Amino acid sequence: MITLGRGLTLFTIVALTISYQIDDIQTTAVAARTVREAAPLILAGLCGLVSERSGIINIGIEGQMLLAAFCGFLGASYAVESMGSTPALLVGVLAAMAVAAVAGLFLAWTSIKLRMDQIIAGTVINIFAIGATSFFFAQGRTMPKVPNWSVPGLDEWPLVGRMLFDHGPFTYLAILVVAIVHVALFHTRWGLRTRAVGEHPSAADTVGVRIFRLRYVNLAIGGALAGLAGMALLQSASVFNRGMTNGKGFIALAVMIIGRWRPGGVLAAAVLFGFFNALQAQLQFKQAFDIPPQFFGMIPFVLTIAVLAAAGLSARPPAAVGQHYETE
Amino acid sequence: MGDASWLRQLVLPALAVVLGLFAGALLILISGDNPLTAYGGLLEGALGSWEGVGRTLDKATPLVMGGLAVAFAFKAGLFNIGGQGQLLLGAAFAGWVGYFFDLPAIIHIPFALIVGGLAASVLGATAGLLKATRGTHEVISTIMLNFVAANFTEWLVSRDGPWNDPDGGALARTPEILPSAELPRIGDLPVGFLVAVAAAALMWWVVRKSTLGFEIQTVGANPRAAKYAGISVTRITVVAMGISAFLAGVGGAIQTLGVNGRFEPGFNTGLGFDGITIALLARTNSLAVVPAALLIGALDAGSTLMQSRTDVEPEIISVIQAFILFFVAAPSAVRWLLRLRADAIESDDMQLASGWGA
Chain A
1 MITLGRGLTL FTIVALTISY QIDDIQTTAV AARTVREAAP LILAGLCGLV
51 SERSGIINIG IEGQMLLAAF CGFLGASYAV ESMGSTPALL VGVLAAMAVA
101 AVAGLFLAWT SIKLRMDQII AGTVINIFAI GATSFFFAQG RTMPKVPNWS
151 VPGLDEWPLV GRMLFDHGPF TYLAILVVAI VHVALFHTRW GLRTRAVGEH
201 PSAADTVGVR IFRLRYVNLA IGGALAGLAG MALLQSASVF NRGMTNGKGF
251 IALAVMIIGR WRPGGVLAAA VLFGFFNALQ AQLQFKQAFD IPPQFFGMIP
301 FVLTIAVLAA AGLSARPPAA VGQHYETE
Chain B
1 MGDASWLRQL VLPALAVVLG LFAGALLILI SGDNPLTAYG GLLEGALGSW
51 EGVGRTLDKA TPLVMGGLAV AFAFKAGLFN IGGQGQLLLG AAFAGWVGYF
101 FDLPAIIHIP FALIVGGLAA SVLGATAGLL KATRGTHEVI STIMLNFVAA
151 NFTEWLVSRD GPWNDPDGGA LARTPEILPS AELPRIGDLP VGFLVAVAAA
201 ALMWWVVRKS TLGFEIQTVG ANPRAAKYAG ISVTRITVVA MGISAFLAGV
251 GGAIQTLGVN GRFEPGFNTG LGFDGITIAL LARTNSLAVV PAALLIGALD
301 AGSTLMQSRT DVEPEIISVI QAFILFFVAA PSAVRWLLRL RADAIESDDM
351 QLASGWGA
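Residue numbers (this note's numbering), protein chains in the order written: chain A, 1 to 328; chain B, 1 to 358.
FYI, nobody ran anything at the bench for these hints, they're computed from the structure. Among the clues, some could well be false.
Stated by the list, open to error - According to the in silico footprint, chain A covers these stretches of chain B (three or more CB under 8 angstroms from chain A):
1. 154-164
2. 256-263
Stated by the list, open to error - Covered stretches of chain A (in silico footprint by chain B; criterion: 3 or more residues with CB under 8 angstroms from a CB of chain B, positions within the stretch not fixed):
3. 108-120
4. 290-298
Stated by the list, open to error - Partial selection, computed: residues in chain B whose CB lies under 7 angstroms from chain A:
5. Phe-147
6. Phe-273
7. Glu-315
Source: prediction; values computed, not measured. Where a beta carbon is used, it is the ideal one built from N, C-alpha and C, also for glycine.
Build out the structure end to end from the sequences listed, making use of the hints.
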């Protein structure tokens with residue numbers, strides 16, 4: 001895996017350099033957009049990862065993100081009437097994280113207490129999110145704009161400056177969270193317990209891990225991450241739109257699978273999908289080829305299926321994912 | 001199955017619907033409207049006149065097909081969440097056959113329905129094949145294919161597309177279908193609804209009486225055992241997803257031939273999700289899909305009058321549906337909420353989440 005990762009990194013650097021020599025403006029635009037588009041996928045993919053590593057399939061990420069974007073938008077939008085725009089945005093972030101965490105707790109509860117099928121429970125979250133956000137949607141509200149944090153000096157660098165040092169806060173946060181989840185998952189007690197519960201719950205139970213509590217905690221953490229993913233969507237859109245997740249919650253699941261349930265893998269896969277999206281947007285914008293826009297619109301989805309099929313049978317999910325645990 | 005248990009099986013879906021409507025009423029109350037006025041409008045819009053009943057039947061028709069599609073895949077242990085895209089393909093291809101070919105009605109209508117169904121089944125079978133050979137989970141692939149189908153059908157009828165209506169100006173749509181392709185109405189009764197009911201009956205027979213149905217149910221119950229019994233799990237997975245998508249595609253085709261009269265992209269978004277609620281409400285019994293779809297169809301059909309009376313947005317319907325789906329899939333929640341004894345509700349656990357296939 002490490003050699004594959006290094007190979008891919010090297011390949012990316014070489015390809016970027018060559019592409020930059022050919023057309024610096026477009027290469028910079030696509031590279032910057034790739035990172036921006038990857039941010040919500042990283043956060044949402046990590047939401048799936050934290051859930052599934054503890055043994056619960058989360059198909060409701062799409063709904064969690066939508067609810068989060070909705071509440072984050074409304075939270076910031078109402079808060080700004082009585083405070084500055086930065087604290088108002090923080091109110092939005094808290095609202096987004098809270099509602100998505102509640103949805104995560106709901107998923108854990110349906111699985112643990114009600115023994116509901118996890119895929120159906122996730123679908124309930126998705127349907128509810130579409131319905132509720134449309135039902136309570138009020139046109140004409142605005143929220144304070146999420147600021148752009150460009151790093152002075154570094155953002156002047158060719159290519160790398162725009163690509164890495166000229167983004168909104170949630171993009172930097174997404175990359176930071178990858179590192180945090182990686183360390184937490186592989187180097188802390190919580191991580192060891194999470195992995196044990198996802199792979200072999202009865203063994204974890206025997207040594208005294210409180211499985212259900214851990215699953216509640218993980219689903220809440222995952223929800224909070226989905227909340228940040230929702231905010232990352234608002235960061236680019238600046239306004240809530242009906243159905244604005246547009247399948248990103250499901251692509252995040254593909255990101256998690258292709259990333260093999262590892263934070264670094266999620267990062268790499270999210271960047272790959274971010275690249276698909278950025279490429280599609282750029283080609284469409286430039287009208288580089290005489291191809292109808294709808295075909296560009298298909299690219300991310302077709303490629304998701306293709307990459308999933310290629311990753312295929314080698315993908316190995318946590319062993320206990322999707323199963324209800326019986327306490328003796 | 002005895003007759004007593006037949007009645008007992010109705011308890012859970014009925015309670016789920018009641019609780020779902022109750023939850024919806026609470027939300028209407030929160031948003032500052034009177035739930036009784038709202039539901040009154042809903043009921044009157046859906047069933048208050050023959051015209052309303054006709055509208056309910058129109059709305060219920062693709063829902064029956066969407067519910068059958070989900071229920072059929074469930075029998076094989078598969079979750080077809082791509083009803084939306086399959087329906088769009090069926091609707092678009094039926095629209096094309098409807099305007100392009102000039103045939104006598106007796107051939108034209110079934111031809112258009114079948115072409116619509118087949119176009120959709122390509123989509124479903126692809127997802128089935130990927131699942132069986134590459135372990136790509138059908139929940140993800142069918143959702144991705146929804147977006148592919150939406151883009152593809154939009155292109156087909158767009159200005160640069162091959163099926164664009166030359167008289168439509170900037171509108172993306174096919175030309176109007178020929179009268180010979182129109183699914184007629186008998187009074188207020190749409191014939192398309194009868195087609196859907198016939199499909200439900202046919203599916204009941206296939207599942208209960210045919211060899212294919214037996215194989216599908218065996219694979220659904222235990223793929224490993226099915227393999228030992230000499231059933232090709234790959235073949236059944238592809239066939240089950242193909243047939244499931246075929247049903248959704250015919251639903252879209254009926255919508256074009258019986259209601260819209262042409263294909264226009266973007267109608268009926270979210271229909272794939274409706275199918276899930278309906279299939280579970282019917283507990284995957286194809287005959288029970290018809291009343292379940294009628295119920296959701298009535299909610300849909302009545303929502304316009306409800307909105308004009310009370311300002312309650314029609315989106316409340318999908319919130320109510322989410323609650324119904326939740327309660328019907330969580331009998332223990334219903335028991336707990338209503339303080340019922342453990343044996344008051346008949347339930348068999350519905351389990352799909354068997355991991356990601358690999």
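Proposed interface contact between Glu-315 of chain B and chain A, which counts if any beta carbon pair is under 7 angstroms: 4 angstroms, holds
Report holds or violated for chain A covering the region 154-164 of chain B, Cβ cut-off 8 angstroms, minimum 3 residues. holds (count 5)
Given as covered by chain B, does the region 108-120 of chain A meet the bar of three residues or more with CB within less than 8 angstroms? holds (count 9)
Chain A covers the region 256-263 of chain B, three or more CB atoms within 8 angstroms, holds or violated: violated (count 0)
Verify the interface restraint on Phe-273 of chain B: the C-beta must sit less than 7 angstroms from at least one C-beta of chain A. 5 angstroms, holds
For the hint on Phe-147 of chain B, does the least C-beta distance to chain A fall short of 7 angstroms? 4 angstroms, holds
Given that the region 290-298 of chain A was listed as covered by chain B, double-check it with a C-beta distance under 8 angstroms for 3 or more residues. Since 5 is at least three, the answer is holds.
Hint check: a violation occurs at hint 2 only; the rest are consistent with the structure.
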